[in-house]
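Chain A is already provided as a structure; the job is to place chain B on it using the hints.
For reference, the chains in residue letters:
2 protein chains.
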Amino acid sequence: MSKLLAVGTVAFDAIETPFGKTAKILGGSGTFVGLAASQFGIQTGIVSVVGGDFPEAYLTMMNDKGINTDGIEIIKTGKTFFWSGRYHNDMNSRDTLITELNVLEDFKPVVPERFKDAKIVMLGNLHPLVQASVLDQMTVKPTLIVLDTMNFWMNIALEELHAVLKRVDVITINDEEARQLSGEYSLVNAAKKIHEMGPKYVVIKKGEHGALLFNEGNMFFAPALPLAEVFDPTGAGDTFAGGFCGYLAKTEDISFENMKNAIIYGSNLASFCVEKFGTERMQDLTTSEVTNRLQAFKELTQFDIKIS
Amino acid sequence: MSKLLAVGTVAFDAIETPFGKTAKILGGSGTFVGLAASQFGIQTGIVSVVGGDFPEAYLTMMNDKGINTDGIEIIKTGKTFFWSGRYHNDMNSRDTLITELNVLEDFKPVVPERFKDAKIVMLGNLHPLVQASVLDQMTVKPTLIVLDTMNFWMNIALEELHAVLKRVDVITINDEEARQLSGEYSLVNAAKKIHEMGPKYVVIKKGEHGALLFNEGNMFFAPALPLAEVFDPTGAGDTFAGGFCGYLAKTEDISFENMKNAIIYGSNLASFCVEKFGTERMQDLTTSEVTNRLQAFKELTQFDIKIS
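The listed protein sequences derive, respectively, from chains A and B.
full-length UniProt numbering applies: residue 1 is where the first sequence begins, and numbers increase by one.
full-length UniProt numbering applies: residue 1 is where the second sequence begins, and numbers increase by one.
Bound conformation, chain A alone (with noise of 0.2 angstroms):
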């Protein structure tokens, strides 16, 4: 088992649905990726930083599923990255509502000293420099950096992006994204360009339409279980990623076959995320819940054609 050390966002969320509306709850991609990681036992260590409002029990929580807050900075006098976004019917599009930056808008990340050894290292959704400023930590190179981004970086920080992309080994990206940061329609030619810009393997996200895994004309596809309701979509990408970083930690093979599995742990994973409110089913998972979907999963997918 190897450690995973994942810098991300630890937030409030309040978040409007068609099934409802929640207060100012548990959120942020660093939270989602945690849970999803404390799923494989592994260690996995949190970079991030909250204001005085954020409540211990919270940090508490994520302690007893053995997740490691030392990185997680407190400033007191400051307050914590607050979102708040409303999903349409068809909860495949959302308005944000409310971005308060707060303490995040000067964040300089301090990874932990028994964190500078991962040999996984997740570099959430935050700017280019923060992502690399992480690496930069790091005193045994990593196995395995996974990176995600998203649009507002390629508007903002394209440069920085590029640079800190040539460090990695996986990104992780939906599909209007790699479409933008490629300059290509066909997901296929769009993974391909990606690739010349650092990354061995390319993950695009597709939300409800599952994710593809490229790695020098290999391919791979995993699903999204099919659902008959997706309560809150909130964090399922983050916990798509935690998940597929957990199972390689825990596994300590990076080799693309296992890679497709990891692609299917973390489809598993965000399949349950999306069944409640922000972080509250992903906090009562238990192990044989996953383990039982992932009957699920093969049934939804695997075949066995004889060809003559």
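Check each hint, because a few of them may be wrong.
Any copy will do: because identical chains look the same in the list, a pair fits if it lies in one copy or spans two.
Simulated pairs of lysine-lysine, DSBU-like, Cα-Cα distance not exceeding 30 angstroms [what the hints assert, rightly or not]:
| hint | residue 1 | residue 2 |
| --- | --- | --- |
| 1 | K306 | K200 |
| 2 | K192 | K21 |
| 3 | K119 | K250 |
| 4 | K206 | K250 |
| 5 | K276 | K192 |
| 6 | K65 | K306 |
| 7 | K193 | K21 |
| 8 | K298 | K206 |
| 9 | K250 | K306 |
| 10 | K306 | K3 |
No wet-lab data here; the hints were simulated from the structure.
Remember, it's a predicted structure, so these values are computed and weren't measured experimentally.
Frame of chain A, contents of chain B only:
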């Protein structure tokens, strides 16, 4: 091996895509279904109607592929159904430029004697009364009746559509149409409602996002093969249906497990169809090409997680 009877259009298409445009070329749902099914060495009969302007060479080409065209009525004084469309840059949406129904307007399908005992019947996307009249002519109850339809018939002949749906085993329908027919946004719930309308099996086609097969709580998903270029999507859905029916006719096994294979074959053949304009690619497609691509589908979807 079972006989397959397919009713559908045999037509002229004129197509514009970002890659170019065609003159009037061979098209039609019956044509694509027949060409796909011809990959399986089964007896396939097409029921359709064309005008005196329809080149005999097209019928000869179909016969050479083992497709029986006795059920294609030729109305010497009439003109063949003609459709013209222009695809947008993303290839996922298109504008219809011309629709000339011509001989299709008064189409009265006549099932040839030797296909009245066909075990598999594919009712292509036509008026529900035309679909029903084909079933009325069968002298032996088919093992499997597959129906394709679209929003157009839901809008103008919903009652007749519901009546014929009670008589079919499998419906193939796209995602938006499944939502319209069921009034449910979630495809899982949509499939459940459509199931209650008659069909034991519901196949929801999602174009580039693959296809889902539902049957009494069981689900299977086949991705579309990610391609560098989609040249012309015309006929892909019909090719998918033809591959599905053709594989089931060949294997004579309509279990859910074998339908999984049939769905994969449908997706496999559809991935060839879009590589060239119209029927061009399907006309020169060889068995070894299909077998090789089956391997690509396996690599794309199969994984081997040891559940611990």
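Check the structure against each numbered hint from earlier and tell me which ones fail, lowest number first. none
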